[in-house]
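Enquirer: Following the working numbering, the numbering of the sequence shown begins with 1 at its first residue and continues without gaps.
In case anyone wonders, no lab produced these hints; they're calculated from the structure. All residues carry an ideal CB built from backbone N, CA and C; glycine is no exception. Careful: at least some of the hints might be erroneous.
Below, in silico cross-link-like pairs of lysine to any residue (SDA-like), each with a Cα-Cα straight-line distance of 25 Å or less [stated by the list, open to error]: (1) Lys-292 with Ile-336; (2) Lys-243 with Tyr-212; (3) Lys-182 with Tyr-387; (4) Lys-411 with Asn-303; (5) Lys-229 with Leu-251; (6) Lys-360 with Lys-390; (7) Lys-369 with Asp-341; (8) Lys-411 with Phe-367; (9) Lys-390 with Leu-350; (10) Lys-402 with Glu-186; (11) Lys-347 with Lys-390; (12) Lys-256 with Ile-219; (13) Lys-411 with Leu-370; (14) Lys-256 with Glu-297; (15) Lys-408 with Ile-362; (16) Lys-292 with Leu-251; (17) Lys-179 with Leu-7; (18) Lys-182 with Leu-19; (19) Lys-232 with Ile-219; (20) Lys-256 with Tyr-244; (21) Lys-408 with Asn-299; (22) Lys-256 with Lys-292.
What follows is a list of derived Cβ distance ranges for each label pair [unchecked claim]: (23) Tyr-404 with Asp-278: 21 to 29 Å; (24) Glu-394 with Ser-305: 19 to 27 Å; (25) Gly-307 with Leu-235: 42 to 50 Å; (26) Leu-235 with Glu-297: 37 to 45 Å; (27) Thr-366 with Asn-185: 24 to 32 Å; (28) Ile-33 with Ile-11: 22 to 30 Å; (29) Ser-305 with Phe-253: 25 to 33 Å; (30) Gly-361 with Phe-16: 37 to 45 Å.
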Amino acid sequence: MSILYTLVRYIYQKEFFYLAYCFTQIFSLGFIIIYSHFFDIADFYKEICIIFASFFAFAFAFGFFKGQILPSIDSKKELFLISSLTIFAIVIVIYHYMLFSYLPYTIIYLLLLLSVIFNSKENIKKSLLHIFSWSLVCLFLFILQVKSIYIKSGYIDLILVAFMLEAVLFTITLENRNKELKNINEDYENMLLQQTKLAKTGSMIGNIAHQYRQPLNNISYILINLRNKYEKDKLTKEFFYTKYNQIEEQLHFMSKTIDDFKEFYSPNKEKENFLLIDSINRAVNILQSLIKQYNVELNINFNTSEGTKVYGVANEFSQVILVLLKNAIEASKDEIRPIIDINISSKNGLIEIEIIDNGKGISKTTFSKLFKPYFSTKKEGFGIGLYMVKLIIEKSFNAEIKAYSLEKGMKFTIFLEKSF
1 MSILYTLVRY
11 IYQKEFFYLA
21 YCFTQIFSLG
31 FIIIYSHFFD
41 IADFYKEICI
51 IFASFFAFAF
61 AFGFFKGQIL
71 PSIDSKKELF
81 LISSLTIFAI
91 VIVIYHYMLF
101 SYLPYTIIYL
111 LLLLSVIFNS
121 KENIKKSLLH
131 IFSWSLVCLF
141 LFILQVKSIY
151 IKSGYIDLIL
161 VAFMLEAVLF
171 TITLENRNKE
181 LKNINEDYEN
191 MLLQQTKLAK
201 TGSMIGNIAH
211 QYRQPLNNIS
221 YILINLRNKY
231 EKDKLTKEFF
241 YTKYNQIEEQ
251 LHFMSKTIDD
261 FKEFYSPNKE
271 KENFLLIDSI
281 NRAVNILQSL
291 IKQYNVELNI
301 NFNTSEGTKV
311 YGVANEFSQV
321 ILVLLKNAIE
331 ASKDEIRPII
341 DINISSKNGL
351 IEIEIIDNGK
361 GISKTTFSKL
371 FKPYFSTKKE
381 GFGIGLYMVK
391 LIIEKSFNAE
401 IKAYSLEKGM
411 KFTIFLEKSF
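Working from the sequences, and respecting the hints, build out all of it.
Expert: In structure tokens:
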């Protein structure tokens, strides 16, 4: 069963150490069969099994511990430890005629033990579980010294117990390794999300400057108007407060723009119930300058309550809408009349958000690669935008996103659970 397990893991994950360990187990099983005299097989084949099991065990150790089998000595403590282990290995070799006659696998698992200890600095101490049983077996046999005492007692053959225990511990080791890799992968995904935001910082700053230009011009005209009225002694209290309120409106718009950007770039990962309309508007406000620059007709159609809420990280959802909306703008900007529709509807507890553009669309070859990392149809693109969109929707919101190639343009649909 353990052989089949490691073989299946190799087929799915394509990591060499799984295959090496599978062959180690196969030849180990061959040794046990011959050793236990289940069949009338010459001892010559037992030696063949030992040789190949040793070879593949070495290959497994080399692959599993990333090739760092030989130690690097950086301190007196490490020198003492390595010297002790080397002496231990020499004693085992000298003890060959007593220990190896019962447990030929000692040298194989000593190799794995050494590689584990030498790599303990690389945060793989949990892998000691994989070798612990073999260390106990070796130590027990050294203390016992006389093999015949154990055999005459009528106990189960120790090597069979060791093999069963080793298989269990190897499974635990792999599970620990998978958990560590999963944690590392999640850290990389979080880093990639922040890098995606930073990669867009330049264009976003440009958008802020563009959005500020209009309100600043308006404030300038209002102040000029106030000065002219004052110089001509025609400034009335009513006129003054009218212009004062206009300036406040412009300043409020500028302040809100900064708040939107601040919220968008916040690394906050706390999940909460948030209004869908707020998250969509935040992304729209950030891209307002592009929408005006290319004269895009943007239609937001709520076919459900505007008080609809979803559960998740609000600024991550804004990131999703921003990427999809920006792609739609860039796809349709060369059209005579660029149109983008955002349709929000709900049915049976599910929210559907559609983002549709009337751009030129994409080819079938490109369509199949849409959500692949580092694939982009734009020369200046990084190819991580849609990949991150899919990642956020599936992992952070436990939802689904689908892309549709239309006769004219593209449609992206997000399926979310409504928060009640």
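Enquirer: Taking the hints in turn, state whether each one holds.
Expert: Each hint, compared with the structure:
no.	hint	result
1	Lys-292 with Ile-336	14 Å, holds
2	Lys-243 with Tyr-212	19 Å, holds
3	Lys-182 with Tyr-387	18 Å, holds
4	Lys-411 with Asn-303	17 Å, holds
5	Lys-229 with Leu-251	22 Å, holds
6	Lys-360 with Lys-390	22 Å, holds
7	Lys-369 with Asp-341	24 Å, holds
8	Lys-411 with Phe-367	12 Å, holds
9	Lys-390 with Leu-350	18 Å, holds
10	Lys-402 with Glu-186	23 Å, holds
11	Lys-347 with Lys-390	22 Å, holds
12	Lys-256 with Ile-219	16 Å, holds
13	Lys-411 with Leu-370	12 Å, holds
14	Lys-256 with Glu-297	23 Å, holds
15	Lys-408 with Ile-362	10 Å, holds
16	Lys-292 with Leu-251	20 Å, holds
17	Lys-179 with Leu-7	20 Å, holds
18	Lys-182 with Leu-19	21 Å, holds
19	Lys-232 with Ile-219	20 Å, holds
20	Lys-256 with Tyr-244	18 Å, holds
21	Lys-408 with Asn-299	17 Å, holds
22	Lys-256 with Lys-292	18 Å, holds
23	Tyr-404 with Asp-278: 21 to 29 Å	27 Å, holds
24	Glu-394 with Ser-305: 19 to 27 Å	26 Å, holds
25	Gly-307 with Leu-235: 42 to 50 Å	44 Å, holds
26	Leu-235 with Glu-297: 37 to 45 Å	41 Å, holds
27	Thr-366 with Asn-185: 24 to 32 Å	27 Å, holds
28	Ile-33 with Ile-11: 22 to 30 Å	25 Å, holds
29	Ser-305 with Phe-253: 25 to 33 Å	27 Å, holds
30	Gly-361 with Phe-16: 37 to 45 Å	43 Å, holds
The structure shown violates none of the earlier numbered hints.
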